[in-house]
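**Student:** Chains as they are written, first to last, in our numbering: chain Y, 10 to 440; chain W, 30 to 221.
Please keep in mind that the hints were generated in silico from the structure rather than gathered at the bench.
Since the structure is predicted, the reported quantities are computational estimates derived from the model, not experimental observations.
The reader is advised that the hints may include incorrect statements.
Quick list of in silico lysine-lysine cross-link-like pairs, DSSO-like style, CA-CA up to 30 Å [claimed, not checked]:
1. W:K216 / Y:K25
2. W:K68 / Y:K56
3. Y:K21 / W:K216
4. Y:K64 / W:K191
5. Y:K170 / Y:K283
6. W:K191 / Y:K170
7. Y:K56 / W:K211
8. Y:K70 / W:K216
9. W:K68 / Y:K87
10. Y:K170 / W:K216
11. W:K103 / Y:K27
12. Y:K56 / W:K191
13. Y:K27 / W:K211
14. W:K216 / Y:K61
15. Y:K180 / Y:K438
16. Y:K61 / W:K68
17. W:K216 / Y:K87
18. Y:K61 / W:K211
19. W:K211 / Y:K70
20. W:K211 / Y:K166
21. Y:K25 / W:K211
22. W:K216 / Y:K166
23. W:K68 / Y:K170
24. W:K216 / Y:K64
25. W:K68 / Y:K21
Only some residues are given here: those of chain Y computed to face chain W with a beta carbon under 10 Å [said to hold, decoys possible]:
26. A30
27. H77
28. Y78
29. F80
30. D83
31. T136
32. T151
33. D357
34. G358
35. K359
Yeah, the Cβ is synthetic: ideal placement off N, Cα and C, and Gly gets one too.
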Amino acid sequence: MGMTITEKILAKHSNKEKVSAGENIWVDVDILLTHDVTGPGTISVFKQEFGKDAKVWDPSKVVIIPDHYIFTNDFHAKRNIEILREFVTEQGIENYYDVGSSRYKGVCHVALPEEGFTRPGEVLFGTDSHTCTAGAFGEFATGIGNTDAAFILGTGKLWVKVPETVRFVFKGDMPDYLMAKDLILKIIGDIGVDGASYQTMEFAGEAIHQLNIEERMTLCNMVIEAGGKNGVIAPDEKTREYVKSRSNVEFTEYFNDEDAVFSAEKVYDVDDLKPLVAMPHSPENVDLAENLSDVRLDQVYIGSCTGGKLTDYIAAAKIMNGRNVMVNTYVIPATTDIMRSLWIERVDGKSLYQIFYDAGCKIGNPSCGACLGGPEDTYGRLNGDEVCLSTTNRNFPGRMGSKNAKVFLGSPLTAAASALTGKITDPRKFI
Amino acid sequence: MKNKVISGKVFVLGNDVDTDQIIPAQHLVYSTHSPEERKLFGRYALSGVPDNESGLPYGGMRFVEEGEYRSIFKIIVAGKNFGCGSSREHAPLALNVAGVEAVVASSYARIFYRNSVDGGFILPLESREIIYENFSTGDEAEIDTVNNEIRNLSTGKSYLLKPLGDAGDIIQAGGLFAYARKLGIVKSVEVE
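Turn these sequences into a full structure, and let the hints steer you where they fit.
**Tutor:** Below, the structure written as structure tokens:
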């Protein structure tokens with residue numbers, strides 16, 4: 010019986026010839042990622058358990074990217090950044106992207122690949138549930154809590170249960186009105202927010218390999234919204250090109266054996282799909298955008314690790330070019346690299362920045378921003394009973410601030426179209 | 030595991046209670062290790078649950094009274110996929126600080142379960158069926174961790190729980206570090 014991509018990666022990292030779904034194993038960790046919300050707690054557990062003078066197992070494998078509560082006056086949030094700063098100095102951790110410096114990046118899940126820390130075949134853990142984003146590079150990547158992260162800081166190891174793999178195959182050519190966000194919403198709508206609990210979600214098929222790297226990241230990013238442990242996409246030439254232009258570290262590519270065992274396989278034809286929206290208050294509460302055209306919006310939000318990448322803004326700009334938004338529309342790029350690209354990348358000769366500015370969007374600084382609400386002074390946070398369409402990943406009660414707000418999730422195309430009309434709008438109206 | 034029998038008042042929640050409901054994101058800024066700041070996680074535990082779902086079947090119940098940080102409820106009974114959403118360990122920690130000893134849900138989101146076990150914050154138990162509709166907030170209940178059952182003392186009915194399974198050894202040890210020390214993977218830290 011053969012192995013899946015995930016089984017092969019985990020076998021390699023536990024020095025075993027073979028592992029099978031259901032086994033509990035100890036794995037060696039390639040990269041540990043943390044940020045300003047979960048980093049300080051992780052550091053506290055590390056010092057408590059390994060001693061106040063303890064040293065991390067390998068400073069070159071620890072990456073700390075503050076991104077959550079950055080542009081706020083919250084006292085405790087600022088204090089937490091100082092804790093990270095002291096820790097990286099004390100431990101000699103160079104992979105730190107400090108707030109208020111030219112190294113500042115923004116959202117960790119997008120910054121991590123940009124800075125060359127995601128590679129096929131590796132094991133990545135991060136103290137954030139959307140660490141699964143990096144499965145787009147053909148690696149094992151999943152979110153953990155502070156205690157597990159502190160354990161890794163001290164030992165470089167963690168126990169994992171080898172997950173089964175459920176496979177999603179997308180056939181056909183991606184139409185121009187669909188984005189990765191529509192594909193993952195389709196899956197979550199079909200299987201539910203716990204439909205892939207404890208499992209690897211593998212994405213395959215020609216439509217998947219037509220997607221660029223950022224779109225693949227969007228797919229893997231939301232596997233946690235179906236309860237998945239990790240997402241994975243087999244590496245191809247696009248993966249190699251992206252990774253090799255950012256990292257000099259050698260890597261190994263893993264592919265499913267012919268006789269690998271999957272817990273299930275679902276096949277979709279992208280030609281059958283239409284733009285989708287998840288309604289309040291769950292990512293599984295999915296309907297066609299065209300069925301929701303009477304939903305009036307107060308706000309549109311285009312940002313986050315899920316929907317704040319360059320591909321997302323190019324898509325939105327194509328629709329917004331030469332038009333004006335009807336509602337408060339926030340553009341919060343995931344990273345500083347993407348913010349810079351908004352000035353450089355052009356649609357019909359106009360920079361994306363110019364298009365968004367002329368359309369009347371509110372353009373904010375790169376960070377997680379209002380995706381997860383955050384401190385009350387967070388730019389774009391929903392503080393009352395607003396109705397918002399967002400390109401982010403979750404719409405559970407209170408996710409973007411007030412629990413009285415209503416959050417709908419859609420693709421950047423759907424968000425841009427909806428911003429122009431002030432109602433939920435199928436982007437095909439503008440394409 | 031300290032107790033073989035856990036008894037106390039029950040707070041009832043439904044399906045898919047996510048980590049933002051357990052501890053809203055704006056409260057994640059407090060220190061998890063400062064004794065005073067840590068209390069705030071208890072104060073705001075379950076403050077993100079929509080009012081009509083807070084303390085079923087009627088809703089509108091406070092889990093922690095205004096200004097307090099301990100709850101009168103020691104047991105949470107909930108539906109499926111408890112703790113879905115973010116990886117914040119502050120979620121099981123907040124329930125622990127509020128005084129919760131056990132959660133009985135029909136299933137858990139993976140990271141919440143792992144955090145509960147590895148951090149040793151609360152005992153996450155799985156019921157064999159969805160049972161939250163058989164409890165009312167305020168009912169007295171008793172969990173028997175030897176015979177794997179929860180008894181609703183207010184109705185006299187008992188419900189079976191699943192055995193602890195793979196995580197049992199870590200739960201018995203009291204958390205990941207205690208477990209790893211037993212295995213010799215982590216050495217004991219010299220306490221000054």
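**Student:** All the hints need checking, so say for each whether the structure fits it.
**Tutor:** Now for the hints, and whether the structure bears them out:
Straight-line distance between C-alpha atoms of K216 of chain W and K25 of chain Y comes to about 25 Å, which keeps the hinted pair within the 30 Å bound. About 21 Å separates the Cα atoms of K68 of chain W and K56 of chain Y, which keeps this hinted pair within 30 Å; it holds. The suggested pairing of K21 of chain Y with K216 of chain W holds, with an alpha-carbon distance near 26 Å, which does not exceed 30 Å. The straight-line distance between the Cα atoms of K64 of chain Y and K191 of chain W is roughly 40 Å, outside the 30 Å bound, and the hint therefore fails.
Distance check on the hinted pair: K170 of chain Y and K283 of chain Y sit about 36 Å apart at the alpha-carbon level, beyond 30 Å; violated. Simply put, K191 of chain W and K170 of chain Y have alpha-carbon atoms about 18 Å apart, close enough for the 30 Å limit, and the pair holds. This hinted pair checks out: K56 of chain Y and K211 of chain W have alpha carbons roughly 19 Å apart, not beyond 30 Å. Simply put, K70 of chain Y and K216 of chain W have alpha-carbon atoms about 22 Å apart, close enough for the 30 Å limit, and the pair holds.
Among the hinted pairs, K68 of chain W with K87 of chain Y is consistent with the structure: their alpha-carbon atoms are about 20 Å apart, no more than 30 Å. A hinted pair counts as satisfied when its Cα atoms are at most 30 Å apart, and K170 of chain Y with K216 of chain W qualifies at roughly 23 Å. The suggested pairing of K103 of chain W with K27 of chain Y is violated, with an alpha-carbon distance near 43 Å, which exceeds 30 Å. At most 30 Å may separate the alpha-carbon atoms for a hinted pair to count; K56 of chain Y and K191 of chain W exceed this at roughly 35 Å.
Proposed proximity of K27 of chain Y and K211 of chain W is supported: the alpha carbons are some 26 Å apart, at most 30 Å. Straight-line distance between C-alpha atoms of K216 of chain W and K61 of chain Y comes to about 15 Å, which keeps the hinted pair within the 30 Å bound. The straight-line distance between the Cα atoms of K180 of chain Y and K438 of chain Y is roughly 25 Å, inside the 30 Å bound, and the hint therefore holds. The straight-line distance between the Cα atoms of K61 of chain Y and K68 of chain W is roughly 23 Å, inside the 30 Å bound, and the hint therefore holds.
Between K216 of chain W and K87 of chain Y the alpha-carbon distance is near 34 Å, which puts this suggested pair outside the 30 Å criterion. Annotation: proposed proximity of K61 of chain Y to K211 of chain W holds, straight-line Cα distance about 22 Å (limit 30 Å). Among the hinted pairs, K211 of chain W with K70 of chain Y is consistent with the structure: their alpha-carbon atoms are about 27 Å apart, no more than 30 Å. Only pairs whose Cα atoms come within 30 Å are accepted, and K211 of chain W paired with K166 of chain Y is accepted, the gap being roughly 16 Å.
Our distance criterion of 30 Å between C-alpha atoms is met by K25 of chain Y and K211 of chain W, whose separation comes to about 23 Å. A threshold of 30 Å between alpha carbons decides the hint, and for K216 of chain W with K166 of chain Y the separation of about 14 Å falls inside it, so the pair holds. A C-alpha spacing of about 33 Å is found between K68 of chain W and K170 of chain Y, which places the hinted pair above 30 Å, so the restraint is violated. Restraint check: the Cα-Cα separation between K216 of chain W and K64 of chain Y comes to about 14 Å, which is no more than 30 Å; the hinted pair holds.
About 43 Å separates the Cα atoms of K68 of chain W and K21 of chain Y, which puts this hinted pair outside 30 Å; it is violated. With a least beta-carbon distance of about 13 Å to chain W, the hint placing A30 of chain Y at the interface is violated under the 10 Å criterion. For the restraint placing H77 of chain Y at the interface with chain W, the shortest Cβ-Cβ distance is roughly 8 Å, inside the 10 Å limit, so the hint holds. The criterion of a C-beta within 10 Å of any C-beta in chain W is met by Y78 of chain Y, whose closest approach is roughly 6 Å, and the hint holds.
With its C-beta approaching chain W no nearer than about 14 Å, F80 of chain Y sits outside the 10 Å limit, and its interface hint is violated. The interface hint given for D83 of chain Y holds, since its Cβ lies 6 Å from the closest Cβ of chain W, which is under the 10 Å cut-off. The beta carbon of T136 of chain Y is positioned within 10 Å of a beta carbon in chain W (closest approach about 6 Å), and the interface hint is therefore held. Hint on T151 of chain Y holds. Least Cβ distance to chain W is approximately 8 Å, under the 10 Å limit.
Because the beta carbon of D357 of chain Y sits about 39 Å from the nearest beta carbon in chain W, more than 10 Å, this interface hint is broken. Using the Cβ-Cβ criterion of 10 Å, the hint placing G358 of chain Y at the interface with chain W is not satisfied: the shortest such distance is roughly 40 Å. Using the Cβ-Cβ criterion of 10 Å, the hint placing K359 of chain Y at the interface with chain W is not satisfied: the shortest such distance is roughly 36 Å.
Hint violations for this structure: numbers 4, 5, 11, 12, 17, 23, 25, 26, 29, 33, 34 and 35, all remaining hints satisfied.
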